[in-house]
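Could you put the whole structure together from the sequences, leaning on the hints where they help?
Sequences listed follow chains A and B, in order. Counting in my numbering, the first sequence runs from 4 upward without gaps. Counting in my numbering, the second sequence runs from 105 upward without gaps.
To be clear, the hints were calculated from the coordinates, so they are not data collected in a lab. Treat the numbers as computed from the prediction; the structure is a model and nothing was measured. Just so it is clear, CB atoms sit at the ideal spot from N, CA and C, and this is done for glycine as well. Hints should not be assumed to be uniformly reliable.
[Stated by the list, open to error] Selected chain B positions facing chain A (Cβ under 10 Å, derived; list incomplete): (1) Pro122; (2) Gly142; (3) Asp143; (4) Gly166; (5) Leu213; (6) Gly217.
[Said to hold, decoys possible] Which chain B residues face chain A? A few, computed with CB under 8 Å, are given here: (7) Pro106; (8) Ala107; (9) Arg110; (10) Lys128; (11) Arg136; (12) Ala140; (13) Leu168; (14) Val177; (15) Thr178; (16) Pro184; (17) Tyr189; (18) Lys190; (19) Val191; (20) Phe193; (21) Val209; (22) Gly248.
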Amino acid sequence: MPVDKSAIGRTGEPVTMHVERGKIREFARAIKDDDPLYYDEGHAAKEAGGIMPPVTFLQTVSHWDDGRGRPRLPFDLKRVLHGEQEFEFLAPIHAGDVLTAMSKIVDVYEKPGKRGGSMTFAVTETEYRNAKGALVARARAVGIETGQVVKD
Amino acid sequence: MPATKRFWEDVKEGDTLPEVRVDKLTRTDFVRYAGASGDFNPIHHDQTFAEASGNPTVFAMGMLNAGILSRVVTGFAGRPNVRRYKVRFSTRAWPGDDVVCRGKVTRKLEQGGEKLVEGELEAINQKGETLISGTFVAALPSRGSGGR
Numbered sequence: 004m005p006v007d008k009s010a011i012g013r014t015g016e017p018v019t020m021h022v023e024r025g026k027i028r029e030f031a032r033a034i035k036d037d038d039p040l041y042y043d044e045g046h047a048a049k050e051a052g053g054i055m056p057p058v059t060f061l062q063t064v065s066h067w068d069d070g071r072g073r074p075r076l077p078f079d080l081k082r083v084l085h086g087e088q089e090f091e092f093l094a095p096i097h098a099g100d101v102l103t104a105m106s107k108i109v110d111v112y113e114k115p116g117k118r119g120g121s122m123t124f125a126v127t128e129t130e131y132r133n134a135k136g137a138l139v140a141r142a143r144a145v146g147i148e149t150g151q152v153v154k155d
Numbered sequence: 105m106p107a108t109k110r111f112w113e114d115v116k117e118g119d120t121l122p123e124v125r126v127d128k129l130t131r132t133d134f135v136r137y138a139g140a141s142g143d144f145n146p147i148h149h150d151q152t153f154a155e156a157s158g159n160p161t162v163f164a165m166g167m168l169n170a171g172i173l174s175r176v177v178t179g180f181a182g183r184p185n186v187r188r189y190k191v192r193f194s195t196r197a198w199p200g201d202d203v204v205c206r207g208k209v210t211r212k213l214e215q216g217g218e219k220l221v222e223g224e225l226e227a228i229n230q231k232g233e234t235l236i237s238g239t240f241v242a243a244l245p246s247r248g249s250g251g252r
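Written out as structure tokens, the structure is:
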């Protein structure tokens with residue numbers, strides 16, 4: 004069956020995300036990072052103009068998304084893999100910032116799977132803007148639906 | 105630990121980045137990351153669901169490993185200097201697995217008024233299998249600009 008490309012261009016609702024100091028601390032602990040940039044306000048102010056979120060922190064946007072922020076993929080959860088993830092940073096983000104995230108499916112394509120069947124790939128891009136409307140970060144995720152339940 | 109201050113002029117192509125490692129991932133690590141990130145896909149914390157999905161047990165979120173791997177870049181360049189971070193997930197990490205993270209500088213360039221370093225990244229487990237491969241771009245301060 005040819006891959007259904009009709010999802011390309013589908014967008015989610017804008018999601019408002021507060022970049023919170025406590026959430027940054029919790030996230031830094033979860034990735035076992037003790038850099039004082041994430042914990043110590045005085046140190047962070049001197050080094051980076053304030054506490055910054057870790058590199059992969061923007062994934063926590065899901066805490067602020069009631070489900071309408073992510074454009075829906077035609078995927079079965081039991082067969083979904085996270086293939087790739089990319090973050091691009093265009094301007095600094097600090098604790099206290101309020102960001103607006105907008106997600107869009109930018110590509111859907113199919114490839115033959117290594118273990119039989121075919122795999123469907125969907126690429127979702129999310130743009131994060133700050134309260135002034137400036138684009139501060141862009142995230143790009145590649146999700147994969149495998150032909151069968153995932154086994155190594 | 106805070107990142108070590110490095111100048112662009114002192115970095116060479118082929119330089120290795122300081123290693124980051126986490127020994128013996130636990131289910132508690134997965135649960136802590138679930139709470140921190142909001143990723144509550146039950147395949148990462150619910151044994152019953154994991155088995156029903158054809159897995160022997162729960163496994164780490166790829167983004168947990170990617171978060172650990174990102175520390176190679178922030179330790180090298182400092183968080184404010186990270187411009188791009190890209191990862192590709194290969195093998196999954198299971199409870200008890202080690203996550204060993206390495207990187208190296210592949211290219212130095214100047215672009216948009218910044219002095220940049222590009223590099224490759226890899227997270228492997230204790231068997232040497234690749235969990236994640238990745239790339240990064242970071243800006244480094246120049247000796248000519250007073251270290252900022």
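Verification of the supplied hints:
Taking 10 Å as the C-beta cut-off, the interface hint given for Pro122 of chain B is violated, the closest approach to chain A being about 13 Å. Annotation: Gly142 of chain B was flagged as interfacial toward chain A, and the flag holds, the nearest CB pair being 4 Å apart, inside 10 Å. The criterion of a C-beta within 10 Å of any C-beta in chain A is met by Asp143 of chain B, whose closest approach is roughly 7 Å, and the hint holds. Because the smallest distance between the Cβ of Gly166 of chain B and any Cβ of chain A comes to about 5 Å, under 10 Å, the interface hint for this residue holds.
Look at Leu213 of chain B: its Cβ only gets to about 16 Å from chain A, farther than 10 Å, so that hint breaks. At about 14 Å, the closest approach between the beta carbon of Gly217 of chain B and any beta carbon in chain A exceeds 10 Å, and the interface hint on this residue is violated. Interface hint status for Pro106 of chain B: upheld, as the beta-carbon distance to the closest one in chain A is roughly 6 Å, under 8 Å. A hinted interface residue such as Ala107 of chain B counts as satisfied when its beta carbon comes closer than 8 Å to some beta carbon of chain A; here the least separation is about 7 Å, so the hint holds.
With its C-beta approaching chain A no nearer than about 14 Å, Arg110 of chain B sits outside the 8 Å limit, and its interface hint is violated. Annotation: Lys128 of chain B was flagged as interfacial toward chain A, and the flag is violated, the nearest CB pair being 12 Å apart, outside 8 Å. Because the beta carbon of Arg136 of chain B sits about 5 Å from the nearest beta carbon in chain A, less than 8 Å, this interface hint is met. Taking 8 Å as the C-beta cut-off, the interface hint given for Ala140 of chain B holds, the closest approach to chain A being about 4 Å.
Here the hint on Leu168 of chain B is kept, as its CB sits about 7 Å from the closest CB of chain A, short of 8 Å. Taken as an interface hint, Val177 of chain B checks out: its beta carbon lies about 7 Å from the nearest beta carbon of chain A, inside 8 Å. With 8 Å as the threshold, the beta carbon of Thr178 of chain B comes within range of chain A, its nearest partner Cβ sitting at about 6 Å, so the hint holds. With its C-beta approaching chain A no nearer than about 4 Å, Pro184 of chain B sits inside the 8 Å limit, and its interface hint holds.
Below 8 Å, beta-carbon pairs count as interface contacts, and Tyr189 of chain B has one with chain A at about 5 Å; its hint therefore holds. Nearest Cβ of chain A to the Cβ of Lys190 of chain B: about 4 Å, under the 8 Å cut. The hint holds. Because the smallest distance between the Cβ of Val191 of chain B and any Cβ of chain A comes to about 5 Å, under 8 Å, the interface hint for this residue holds. For Phe193 of chain B, the shortest C-beta to C-beta distance to chain A is roughly 6 Å, which falls under 8 Å, so the interface hint holds.
Violation of the interface hint for Val209 of chain B is found here, the shortest Cβ-Cβ separation to chain A being roughly 17 Å, above the 8 Å cut-off. Annotation: interface hint on Gly248 of chain B violated; nearest CB of chain A at approximately 20 Å, more than 8 Å.
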